[in-house]
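Undergrad: Okay, here's what each chain looks like letter by letter:
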Amino acid sequence: MGWIKDTFHKAGSPRWFFAGSRPWMVGLYVVGGLLILAGSTWGLGFVPPERYQGDSFRILFIHAPAAHLAEAIYVAVAIAGLVFLVWRMKMANLLIVAAAPVGLVVTVLALATGIIWGIPTWGKGWVWDARTVSTLLLAFLFFGLIALRQAVPRPERAARAVALLAVVGVINIPVIKYSVEWFTTLHQPPSIEIGKKPAIAAVFLWPLALNVLGYYCFVAGVVIAALRARIVERDAGTEWVREWMTPS
Amino acid sequence: MRLFLTQLRRDLLIAVRSRSDAANPVVFFLLATLVLGLGTGSELGPGAIWVLALFANVLAVEGVFGRDHEEGTLEQLIVHARPLFPAVLGKLAAHWTLSGLPIAILSPLGALMLQGSTAGASILVVTLLIGTPTLTLLGAIGAALTIATGRSGLLVAILVMPFYVPVLIFGASASAAATTGDPTSFALLVLGALLAASVTAAPFAIGKALAISQEH
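Protein chains in written order, with my numbering: chain C, 26 to 273; chain Y, 319 to 534.
These are computed hints drawn from the structure, not numbers from a lab. Virtual Cβ for every residue (Gly too), placed ideally from N, Cα, C. Hints are supplied without guarantee of correctness; some may be wrong.
Stated by the list, open to error - Going by beta-carbon spacing under 8 Å, a handful of chain Y positions derived as facing chain C:
1. Leu463
2. Thr464
3. Ala466
4. Leu473
5. Pro480
6. Val483
7. Ala527
8. Ile530
9. Glu533
Sequences and hints are given; from them, build the entire structure.
TA: What follows is the structure in structure tokens.
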């Protein structure tokens, strides 16, 4: 059991993370990039057109992974917020700093692709559908995390306030998840549920799965890169950063 | 309970003795009704009243801790009140008595001005009576988080309005259904559930946020 505690303590050390994370970052970039390349080429170029929507449905392979990932990033941020509030782990705070802007970008990507997809299929880009609205709200939550951190003058106090806001904001995630079933309007109900046979044809499922996995890996790489930048920024002026900066 | 009542009495007394401050939320609500009516000119549903009540709430709640923070009484409260949540609830109850309650009572007047009749106004009042305390509780979390930033009106609005949305949806849908005579009990029950959940959970988040704001 000793190694678990040991890893936990090490994971809390920015310096240890920085020393060991470079191969992970590069690996996730490469794997994620290849998966996205494969999934998108397959989905956009080789999958047969859908019966009702024709070719316009192909944006699904970009839209669905982004929408899914946006929620996942928020949950990760909220868990990091809880960890920071309870154990005051420095890395948890840095993770929120690094992941919040990434989450905002992914949420905006999901919204933008949703609007583009809505114009040919629904006939209008924006509908007051529960899931559309709650995704937009998710974007505002990410924005709020970033804005609050910049508004609170002391970094330590800002970190705790942002962590608390992230934890409180997590109540929005179930609203997003179940709003589709609560008041369905135009947006289709989820096609893939754990434990059920997917309501989506297998030809479409495989490239979609590749892209979801690829998005996860690639964004994890981006977050690690952002984390590394924040660690260097935070520890600027310390001995180990100076050593790392000087070419040997 | 004593902490709750003491805090409630103190805040109401302060509000009564500084008269114009206490009237601001209601005056804002009426003025906003006027501006909206003039600007749109058409007949609006009770949803418009709900939006105005929400704006009045978010503007009012922003300053709920401001004066106490400047005086230092907030710090004393956090140090001395054990447990903290009855005092927080007392403070918010006093705040709501001067913002949410009068707006709910005056809302039929707003409905008369904007929709031209008072059809379904009793349900509108009920939804506001159940819904606005939830808004105040959720808004106070944002207000407590931003104490340290000084002037922060827009920031509080940005932080808390996403959380207001479920309350707005059910409040507006119940009062819209009431104007046409449709059943409203489901939405009213959900509003009640949201209130019960926020009364139990929000004071702890507010207490935590207040504690963070007073750290040195």
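Undergrad: Can the hint on Y:Leu473 be confirmed by a CB-to-CB distance to chain C that is less than 8 Å?
TA: For Y:Leu473, the interface hint holds, since the closest Cβ of chain C sits about 5 Å away, which is under 8 Å.
Undergrad: Go through the hint on Y:Thr464 and say holds or violated, using the shortest Cβ distance to chain C against 8 Å.
TA: This interface hint holds because 7 Å falls under the 8 Å limit.
Undergrad: Under 8 Å, Cβ to Cβ, is where Y:Val483 needs to be relative to chain C, so tell me if that hint holds or is violated.
TA: Cβ of Y:Val483 sits 6 Å from chain C, so the hint holds.
Undergrad: Taking 8 Å as the limit, does the beta-carbon of Y:Pro480 come near enough to a beta-carbon in chain C?
TA: Hint holds; Y:Pro480 Cβ to chain C Cβ min 4 Å, cut 8 Å.
Undergrad: Hey, does the Y:Ala466 contact hint survive, CB to chain C under 8 Å?
TA: Holds, about 5 Å.
Undergrad: Using 8 Å as the Cβ threshold, decide whether Y:Glu533 counts as touching chain C.
TA: At 6 Å from the nearest chain C Cβ, Y:Glu533 passes the 8 Å test, so the hint holds.
Undergrad: For the hint on Y:Leu463, does the least C-beta distance to chain C fall short of 8 Å?
TA: 5 Å, holds
Undergrad: Let's test the interface hint: is any C-beta of chain C closer than 8 Å to that of Y:Ile530?
TA: 5 Å, holds
Undergrad: Was the hint right that Y:Ala527 lines chain C, CB cutoff 8 Å?
TA: Holds - the Cβ of Y:Ala527 comes within 8 Å of chain C, reaching about 6 Å at its closest.
Going through the hint list in order, the structure satisfies each hint without exception.
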